[in-house]
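Chemist: Throw the hints in and build the complete structure from the sequences for me.
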Amino acid sequence: MSLLNRQHSVLPGFGLSFGISVVWLSLIVLLPFTALVLMSTKLGWSAFVATVGAERVIASLKLSFGASAVAALINAVFGFLLAWVLVRYPFPGKRLIDALIDLPFALPTAVAGIALTTLYAPNGWIGQYLAPLGLKVAFTPLGIVIALVFIGLPFVVRTVQPVLEDLEKELEEAATCLGASRGQIFRRVIFPAVLPALITGTTMAFARATGEFGSVIFIAGNIPLVSEIAPLIIISKLDQYDYLGATAVAVVMLGLSFVLLFAINAIQWWASRRHGGGR
Amino acid sequence: MTIDIRNIRKSFGDFVALDNVNLTIASGELLALLGPSGCGKTTLLRIIAGLERPDAGQVLFSGQDATHTHVSERQVGFVFQHYALFRHMTVFDNVAFGLSVKSRKERPGKEEIRERVMKLLKLVQLDWLADAYPSQLSGGQRQRIALARSLAVEPKVLLLDEPFGALDAKVRKDLRRWLRDLHDEIHITSVFVTHDQEEALEVSDRVVVMDHGHIEQVGRPDDIYESPATPFVTQFLGDVNLFHGRVDGGSLTIGDYAHSLGQQHAGKTDDAVAYVRPHDLDVSRVADGALAAGTVEHIHAVGPVVRIELAQIGSGETIEAALSKERYRELGLMLGDTVYVTPKKVAVFLKEEAQDYVI
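Protein sequences appear in the order of chains Y and H.
FYI, in full-length UniProt numbering the residues of the first sequence are 1 to 279.
FYI, in full-length UniProt numbering the residues of the second sequence are 1 to 359.
These are calculated hints, taken from the structure and not from any lab test.
There's no promise every hint is true.
Below, a list of computed lysine-lysine pairs in the DSSO-like style, where the Cα atoms sit at most 27 Å apart [claimed, not checked]:
| # | chain 1 | residue 1 | chain 2 | residue 2 |
| --- | --- | --- | --- | --- |
| 1 | H | Lys102 | Y | Lys169 |
| 2 | H | Lys156 | H | Lys170 |
| 3 | H | Lys345 | H | Lys268 |
| 4 | H | Lys325 | H | Lys351 |
| 5 | H | Lys173 | H | Lys105 |
| 6 | Y | Lys169 | H | Lys156 |
A quick note: this is a predicted structure, and the numbers were derived from the prediction, not measured.
Modeler: Take a look at the structure:
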């Protein structure tokens, strides 16, 4: 395919801007990934399988993706709620809360991890009341989920909020005139309109969570087979100068992430196509 | 169904949108609410629909007080200026929406819904678009779908808020005629809001002209056009020339010229404003019965009507006259000629009547 044979476009500079985009994307994203994959091939197939198939690695991968998925779903529900409240209701301190949403973006994740650990450790502010109930948060997968919920929150709120804001009031009025109840309006008019944005936000929260390291390692306690996340396995392999082993685990994470994100994108595409009707 | 609007008041903060409005809408008529933006016409429409709550007053549907009935129970069809179609639903699902949200007891069966929706789509001549999404339709098509959607629940009243406001001129004209035909076919009590006088006069059975939160005049389109009740209505309904003068003993004096008014305003003496539409103004070379003299400044001779712009001698204000081609040829007008203008028809408002009106 030659770029010169492309359809004539009114907007100038397609060739240049597209070229820069591709080079940039290659440099920043594709090149490191390619290097990673190439590096892992040095290991040889049997060694690769042995490394990745190790019980600890499998458990950590399950934990990483599982906890991320749970955290993303929790964020989808509460993030949507937060966005709804921020858009729909006037209340004092609204701007402050609005600003607070972005905090997990700005805070160094390690700080978040330490803060959460002090709260939820068995002798922490909250942990001391949970411990007698037999509920352990810190140093368990539950703690990991809490940390991931924390860092993923802004993604859902910030993607859903503008869409909710742009939703015309008339749509709801039209539905009311047609006899729909509030519940029906939410279910059949508002939610479907916001769904594509909600999926995007949730995906971003999920993607962010799978790669999260700083905030998790403190609260996780890193007990092998119980609360050890995949990024930590990679770091510990690096610490032991097992570069190839680390690469192998990283490649598996990369592959899994790619497949999952691709699948979610397909859903998203389907949802927005329904929404926009082939736009 | 008749609609009675009694002493409705509504303000938004300090802004009075409706100030004691009374109106009766007859069953089956197509009524236009006409006025400039901010005159309260849309607010009145939304109060009839129940989308807005009046501060005081009552809305009666067939004599029953409906002021506190919730929108969803009023059985009104509402069509919005920007269509408000549900983008994630097909045209079919949009039209079926009102039927599908009914409670299980009242909801018709799937087959019946299908039948009714297709019948409505045929009525708006878009049955071939049932599976399309709103974003694939043109503006005119969207508005027709919005109309079909609002008719699906068999409303007792159809309310349209600037239904053609977002469309281009050609489509507007077509849809206007189409709406008139549709109304003649289904005869549902309908109220539509517009700021376009041509649209209101062409489509409706009766026109309500509104300004600053109150009704200026109610009447049949030709009545309103031929005998406007207030200076505002006169000005709002189309191009008009304005002359300031004095009424005295049955004649209107403007500067050096006097024009006999006959029985109109006989026996009154006051400062007055006279309005004459361009096509009611004759141009002549003799001063008999003239209102003013002017020099010809522009001649637009394209089309069946020749538009002449004159500069009034004395004040220098522009006077516009519309002449037939024959009359124009007969006069042999040239730029710079001094001529006289005689009204065939003049609307005169005494100063005391026009007091609150600022031009």
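Chemist: Taking the hints in turn, state whether each one holds.
Modeler: Here is what the structure says about each hint:
no., hint, verdict
1, H/Lys102 / Y/Lys169, "holds (22 Å)"
2, H/Lys156 / H/Lys170, "violated (30 Å)"
3, H/Lys345 / H/Lys268, "holds (19 Å)"
4, H/Lys325 / H/Lys351, "violated (36 Å)"
5, H/Lys173 / H/Lys105, "violated (42 Å)"
6, Y/Lys169 / H/Lys156, "holds (24 Å)"
In summary, the structure is inconsistent with hints 2, 4, 5 from the numbered list given earlier, while agreeing with the others.
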